[in-house]
Structure formats: structure tokens, C-alpha cells
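K.L.:
Sequence:
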Amino acid sequence: MSIFNEARLETWNEVKGLSDEKLNQKPSAEEWSIREVLDHLKKIDMAAQKMLKERVKEAPVKEVEEKPLEVAQDRNNKRKAPSHLEPEHDFISGSQMKRELDVVREQLTAAIASLKEEDFERVLPHPVFQELTVRQWIDFIGHHEKRHLSQIKEIKEKIERA
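Just so you know, we're using the UniProt record's numbering here: the sequence shown kicks off at 1 and counts up by one.
Don't read these hints as lab results, they were simulated from the structure.
A few of these clues could be false.
What the hints assert, rightly or not - No more than 20 Å apart at the CA atoms, straight line, and that leaves these computed lysine to any residue pairs for SDA-like:
#, residue 1, residue 2
1, Lys43, Ser95
2, Lys57, Leu124
3, Lys116, Met51
4, Lys22, Lys42
5, Lys153, His40
6, Lys153, Glu31
7, Lys78, Gln151
8, Lys156, Asn24
Unchecked claim - Label pairs and their calculated CB-CB ranges:
#, residue 1, residue 2, range
9, Gln130, His89, 29 to 39 Å
10, Lys158, Lys57, 40 to 50 Å
11, Asn77, Ser19, 28 to 38 Å
12, Lys116, Lys158, 41 to 51 Å
Backbone N, C-alpha and C fix where the C-beta goes; we use that ideal spot for every residue, glycine too.
Full structure from sequences and hints, please.
P.N.:
Right, dumping it as C-alpha cells:
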């Protein structure tokens, strides 16, 4: 199983059974709730889908070196999400959040499935790694989600102690 799919499965297993209150509870005023983390992941999938639909066909095919995508999982290196990827702060039920995330993931998966084999070697810009092939981009999404999976586990521990 690819890291792209594995990470989402792990995310659902981690949040399964949490009440709507726990999903929406912030450990502190400046930290995200689990639901906000999930909303951020939804926005990542939406942005990736848009990028694949709008930019892949004219992106160049070229070789780029392998990137250490797993560093995206390192939570010691804090990053602020760009404003267009920051979560909404509304209270949303877990079932609604899951539906929204599932729909967006299905759309992203369909966009990936529509690509031709050579499209996976096309190169697109990336804010951290400068440029990634489409294949690397898809793996990056999985590594990025695993980063936030660690964040979800941290949030769960904090709200259990509160």
C-alpha cells in the first residue's frame, strides 16, 4: 500500500470513536483541534487535485533527484500553514468532517487515476523541496499526513489530560 493511502487509513483509525466535542476541542487557544487538522488535510487534497488538473499537462518531464520526503513527518521542524491551507474554525461533527474528507480524497484519487504514465514524471514546484515529480508529490501528501497524524496523537493526549 502506498504511503498516500496508508496515512489516510491510519488517520481514520486514530480518530475513530472520538466524540464531536473531542474532535473540536483545542488543547490551547493557539493550537489546532483534531477537526482543524482534518480540515487542513482536506485543503491539502483540494489544492493537490487542483494542481494536478490545471498544471500537470504543461509541466515539464525531467529528472529530479530523489528528495527526503520523510522529513515532512518531522514535527520538530515547525511550519506555519499558508493562509489558503489554514483550517476553518467552525464546529463540525466528525461524521460531516469524514464525509467532506472522503469526497475530496475520492476526487484527488480520480485525478491521479486519470493521469498517463508519463505524467507521473512531470515536475511541479513545491514550497519546501523546490520541485517534485508528480509521483513524489503524491508520496509527499502521505508523508505530510503522517506528520499531522503525529499531531493528532499529541492533541488527543493533551485533551485527555485536560
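K.L.:
Let me make sure I understand: some of the numbered hints might not hold for this structure. Which ones are they, in numerical order?
P.N.:
none
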